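Asks: Residue-level listing of the chains:
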Amino acid sequence: MSRQPPVQQPPPVQKLRLRYTKRGVARFTSHRDFGRALERALRRAEVPMAYSSGFTPHPRISYGSAAPTSAASEAEYVELGLNERCDPQKLVAALNEVLPTGFVVLDAAEAVKASLGDLLSASDWEIRLQGAEPGVLAVAVAAFLEREELTVERMTKNGMRSFDVRGAVVAIRAVSDEVIALRSLQQQPLVRPDDVVSALRQLEPRVPEGLPLLTRLAQGPLEGNEVADPLRP
Amino acid sequence: MTVTAPKHSLFPQLEPLLASVSKPIQYVGGEHNSVVKDWDAAEVRWCLSYPDAYEVGQPNQGVAILYEILNEQDWILAERTYCVWPDMEKAMREHGIPQFTLDAHRPVGSFDLLGVSFATELGYTNLLQIIDLAGMTLRAADRGDDEPLVVAGGHAAFNPEPIADFIDLAVLGDGEEACLLISQIMREWRAEGSPDGRDGILLRLAETGAFYVPKFYDVDYLADGRIQRVAPNRPTVPFQVRKHTLMNLDEWPYPAKPIVPMAETVHERYSVEIFRGCTRGCRFCQAGMITRPVRERNIQTIGKMVAGGLKSTGLEEIGLLSLSSADHSEIAEVTKQLADRYEGSNVSLSLPSTRVDAFNIDLANELSRNGRRSGLTFAPEGGSERMRKVINKMVTEEDLINTVAAAFSNGWRQVKLYFMCGLPTETDEDVLEIADLASKVIQVGREKSGTKDIRCTVSIGGFVPKPHTPFQWAAQADVETIDNRLQLLKDKIRQDRNYGKAIGLRYHDGKPGIIEGLLSRGDRRVGRVIERVWREGGKFDGWSEHFSYERWTQAAAEELAAFGIDLDWYTTRERGYEEVLPWDHLDAGLDRDWLWEDWQDSLDEVSVEDCRWTPCFDCGVCPELDTEIQIGPTGAKLLPLTVVNSSLA
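First to last, the sequence lines map onto chains A and B. The working numbering numbers the first residue of the first sequence as 1 and each following residue consecutively. The working numbering numbers the first residue of the second sequence as 234 and each following residue consecutively.
Do not rely on the hints blindly, as some may be mistaken.
[What the hints assert, rightly or not] Sample of chain B residues lacking proximity to chain A, with all beta carbon distances greater than 10 Å (derived): (1) Arg420; (2) Thr469; (3) Pro585; (4) Tyr740; (5) Arg825.
[To be verified] Below, a sample of chain A positions facing chain B; criterion: calculated Cβ distance under 8 Å: (6) Thr21; (7) Val25; (8) Ser30; (9) Ala41; (10) Val47; (11) Ala50; (12) Ser52; (13) Lys90; (14) Leu91; (15) Ala94; (16) Pro134; (17) Val136; (18) Phe163; (19) Ser198; (20) Arg201; (21) Leu203.
[Stated by the list, open to error] Residues of chain B placed beyond 10 Å of chain A at every Cβ, according to the derived structure: (22) Glu264; (23) Ser562; (24) Asn731; (25) Glu778.
Hint data in this document are derived by calculation from the structure and do not stem from the laboratory. This one's a predicted model, so the numbers in the text were calculated from it and none came from an experiment. Backbone N, C-alpha and C define an ideal beta-carbon position, used for all residues, glycine too.
In isolation and in its complexed conformation, chain B is listed as follows (with noise of 0.2 Å):
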């Protein structure tokens, strides 16, 4: 391999391969916005990563906050990278280039963090990807203090054990604070003289009780396989490792200046996140219950932020981004002012309508002023009333019925909606009610419009039971059921003679989300599964055309058997009361017997209402964690646009 010394640039090297591989221009880096800073003159460097191709990768919300939070300190220095594609891999390995960030063309392996945002679980084979080709040791217990260290961070952060053995830290929460928190740490561990090597900055990390470092953890199991206890086995380390939680979003509005790319990328918009957190109780949903308590930005920050979002990309459009956007206290003033504002311009602005009810519609209106009305979409997820009580999903089939007329009545023409298929308790015929909902769909559409030009899309896809929620403990569905499931909708849609022409159905097999069933609730034991799929090819699991079900199968049947245990031992069963979870250690706020409680209830087919409206329920997180709920109304208008004259006569 090459030796480059840190702060060159692997630039003259790679060019030459460049014009061979496809669509260089996501390996170069200099989009607008993004930071090249003088290495030497920083203390701490990271280097961010999404682990995909950079057309997913980039848009990452995530980390677009922590470059522009950590390059805006004098002292640090943010790069990014992302996987590169087979075609490019193999010109790097031919020619010992190393994993490089795009910014400064710097190799990855020279920095002192590796920070890794995982938003989906099957990003784990491209994260070895990134360590090997950075030319860094696999395995974090093997690594040189010269290394960086692995930083996992993102939604699936919140049961990093799978990964256990690849990463030397996991953050839970809101990264704004704590990458700050992790560079001060570093800062004055070096001042110091870098004491005790690569433990001694992990130990430090860990002593804090906010950041989660694997090997001071010792696991042990049950004779049947299950964990018997997770403890730390330094005597320094706290039992339990709490999640971050940002206060006050008006205070950090990032991202401010977010790169714009120069390839083309899945979202190109510039999206302001108006709140952060849901308490809506969805009881399968991992976001809402691992970002509580609902924190607001007010409708001047938003304002200011779409403003100056506008004018440092150049983008046109916007996205009001959260859980459920809707929700926002001041939703309806927000987008009327902001509509005003932007009227016959063309900035155009959306935001994720998942909300089942006619307050969506007059939003929908709203954003749509100059006429152009394609397609809306909501989200009942479950097929019938039975099961959309099961997981908390308070819509009934009245309002999505009256949603969609109003819609109609509005000029809509198209509606998606998206369920889920294998929730628990479901049977064929819960998933069978779906094709009747979207029967009724474009009956009242027709009836509405006046014409037969109306379309349903439904999008369906399998469930997958995720840690932090109350079906941490469920059965997940087997790839049979889902399967068969699904061709039983199909079959009924087909068979509709009047209305199954109008109706599409979008659907995944169930294989994929096995896979992400298993590496979601997996503890260290499915680690050998990820690096032998990795080993034997295995990466850009979250592409179809990438994705081997019998690869991942395979590897975990060989390499689980020693303990005893098999894949369905990770997916299909359920867990009882009493077993150790693999991260319970790991903090979310989440009272566990409410937790269980809510798991109960969602059997009985009781819900629970939303905290903002109603008393509180004793999740658990606001005292756990001493946050509280940060929502208006503030009554506030937009603030002016100062108007900078700019002419160019």
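One chain only, chain A, in its complex shape (with noise of 0.2 Å):
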């Protein structure tokens, strides 16, 4: 009596692909706050969501690399597996009458053959150094891109962890006073944009010692120099 059989549940009909922001106030969500966020937004805009089996189904959604906590996003993307076919713009409206502040569906299409995690292969980043002096970010930039290896540490959960930053750079340049445009590479060990700050600190003292605010402008396949749109490969 208190075990059933989990109930089968059929495979979905059709995979969407998502392309959404986090801005304002939604680039302090977590990936967990979002995955909760995004299921109660999926039910709130009746999404036919297609479930997976056994005792606590779950929605079957897929999540591309995410940008960290506090990090601004305008292209972090999400698959759906649907058990009736939607329209994707469709569901892009019905979604964005009902997310959180900050969250916005910008783009949506049919799954293609390879992965997400295939897809979002590469970059860009804004990198923003409050109170950095004039010229310094610059010079920190010229010194980095000189280098063909150097290593940063970060704690991690495993413990302190040296890696190469510089590898997994494929272009940075200081775009103002303040801020540093990059293209990196979305490889393991994964570099995040602050320990490329890291090492541009390594570089030159003088580099702010304050949190960058990161914002992620594009993501996905890396073509040529370029980084190519994930949805439509």
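Hints in hand, dock the two standalone chains.
Replies: Quick look at the structure:
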């Protein structure tokens, strides 16, 4: 009586991939926070989700590489498994009606064969370092580009890890006195924009100590030297 | 401190700090169903608070209800604020950022009213924290005309005397109409040009007899430390302040669109209060005494609220709340029809199961049709039959064993039993009987289920006598007594070779209970203790990792010595009939003589019935407050759901 065999759920009839933002207050959501918020928004929008099988069925959602908590983003990706076919644009409109502040779905498309994980191999970042003295970032970036390898340390849940930062950087430049544009690869171990800032600080101690404000501007496969659209590769 | 115009958002200053504190999401607002209104278009502006961290405060039902009711009015604006953790507090103080609201990140000090809901007295130090971090004046008497009125509500506000120095106003009882009435009085006073400043508005509120303004009441003391008299110091202010009672709950279906948190919180469900009030008459239960009479929502309102709440929140868990949900006159129909409606969906229904009878098992079965039967919770509260007579929790051992037998026969494998320790007249033997009861539960469980895989968790905490209950005169058991009895119980369970390993014991030591006791039955002199503790860094007293018993006892010893009284005087001392209690001028509708008789009956182990099914026993509430019991059955069915064609194809 206590354990009934779980009902086997049918596979999704359609998979849609969405591009969404994390703006303003939403930048402070963690990956887990967003997961809960999205599931609730999907129910409010009455999106016909497909569910996993088992005792506690979960809606079929796969998340692409998520921006760290406190980073804003214009290009986060998620894949939804649906049990009824939906028009991508109608789904976008319905979700945008009910998403919390700062989350906006910008685009949606039928999933292609390549996995989101494989497609999201590079990102464009804006790194804002408030209070940087004029010219300092340009000097730091120039020094960075001269190096072939640059090791930084970061505390991870497995303890202090050191890894090379330079290899992950495709392009970097100082856009203004306080802003750096970064194009980097998402590889293992993951090099985050703040790791790049640590490296810049190693090379140029005048790079401000404060936490940089990060915004992901684009994410997708690296084609030539550009980050391409992962929804329509 | 940074000068900020009221309508200005503090977010630009906050944003750089947030990346460096833990769980910043709890400070930013922006949740689904949160409301940001035009500051200038509002005539009355409320900041609502539950004085704890967001994860505890956000799910509070009272704040959720008032937030909606206030914001529904186009001339009122309501936002929310919660306690910030020490890392955030440090960052805010360093950068001169005051306590702010989540909704529009406005400084709390610029609102007209700061409404604080107290479910527990252990939130008092956090109140001081919020007031201070808001840049407001700590003591109400010293506040300027431009500072918010600090309004206390919630169950603890039925004796707000310990925080009388820090609040401007206390509201007793249901807040739905009260918050609108306060707003209306403030609006009229404003329209007249705010005559007589802060005292002008406070006097208008106090004169209604519906709001308690501590500064308009003087307290005199006898030489032995007891209160001699509490009396108004203004001719137009009444001697007694009465509680608010909302009738016809079907006309007030709130919360309808509660905020859906982004951060993780302690309860993430949509809760429908299926009735308010309780007349079971458990003598320890303050909630049951101060929320009378029973007022039900009918099955159709409940059904509408459930459907609407699911739609507006996207939550999947529904709680059917009340002080004793199985007592709703149509609970069987409510649960069956809701279970039918949501069968096969991922919506789960729950009701706090506390009544100990087989009927509860039927309900629990209805609510777990998906087959997941993890655990059931019952609250016999007293370990022995004698104790249960003293507290008027009329459950026999036979009831309990029959109930758990039914549960185990129906596939349940775990029961949780709630008890209290340190009840009036209790002996060691009364508490030790809990172990016998738990052993019998395991025994019958193994018999009925045919498996040894049965567990019983005993959860036990120290009893704290509360104002407006028959036990308001009782001596609280001291820390040593509580801790000793818990140890004896622990030893007895451990020594039980047959069943001991299947019994889990969860308990709280007696220390926080003694401080809760001081704050529950304290008077205005206790305010000095609270302030001292807070000044020495005390806050988040509801969290064991932040609570410091030593800080409290030391502050109490030093601050109370001047009055010739001490911590024990407030806690372990039995009061007499003649003694003026600090809350006697605050009228919960209960007849004082009835409470005293019930206290005497308790000592004689005489029980009292429930007035829903037996004649009125004259507790006084209905005639005193001109209210009545409002219950079904209605015989109605759930209204059909309106099907909206929202195809995304």
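Asks: Confirm or reject each hint.
Replies: Consistency of the hints with the structure:
{"no.": "1", "hint": "Arg420", "result": "holds (30 Å)"}
{"no.": "2", "hint": "Thr469", "result": "holds (47 Å)"}
{"no.": "3", "hint": "Pro585", "result": "holds (22 Å)"}
{"no.": "4", "hint": "Tyr740", "result": "holds (29 Å)"}
{"no.": "5", "hint": "Arg825", "result": "holds (48 Å)"}
{"no.": "6", "hint": "Thr21", "result": "violated (13 Å)"}
{"no.": "7", "hint": "Val25", "result": "holds (4 Å)"}
{"no.": "8", "hint": "Ser30", "result": "holds (7 Å)"}
{"no.": "9", "hint": "Ala41", "result": "holds (6 Å)"}
{"no.": "10", "hint": "Val47", "result": "holds (6 Å)"}
{"no.": "11", "hint": "Ala50", "result": "violated (12 Å)"}
{"no.": "12", "hint": "Ser52", "result": "violated (11 Å)"}
{"no.": "13", "hint": "Lys90", "result": "holds (5 Å)"}
{"no.": "14", "hint": "Leu91", "result": "holds (5 Å)"}
{"no.": "15", "hint": "Ala94", "result": "holds (6 Å)"}
{"no.": "16", "hint": "Pro134", "result": "violated (20 Å)"}
{"no.": "17", "hint": "Val136", "result": "violated (19 Å)"}
{"no.": "18", "hint": "Phe163", "result": "violated (22 Å)"}
{"no.": "19", "hint": "Ser198", "result": "violated (15 Å)"}
{"no.": "20", "hint": "Arg201", "result": "violated (16 Å)"}
{"no.": "21", "hint": "Leu203", "result": "violated (23 Å)"}
{"no.": "22", "hint": "Glu264", "result": "violated (6 Å)"}
{"no.": "23", "hint": "Ser562", "result": "holds (30 Å)"}
{"no.": "24", "hint": "Asn731", "result": "holds (23 Å)"}
{"no.": "25", "hint": "Glu778", "result": "holds (22 Å)"}
In this structure, the hints that do not hold are numbers 6, 11, 12, 16, 17, 18, 19, 20, 21 and 22, in rising order.
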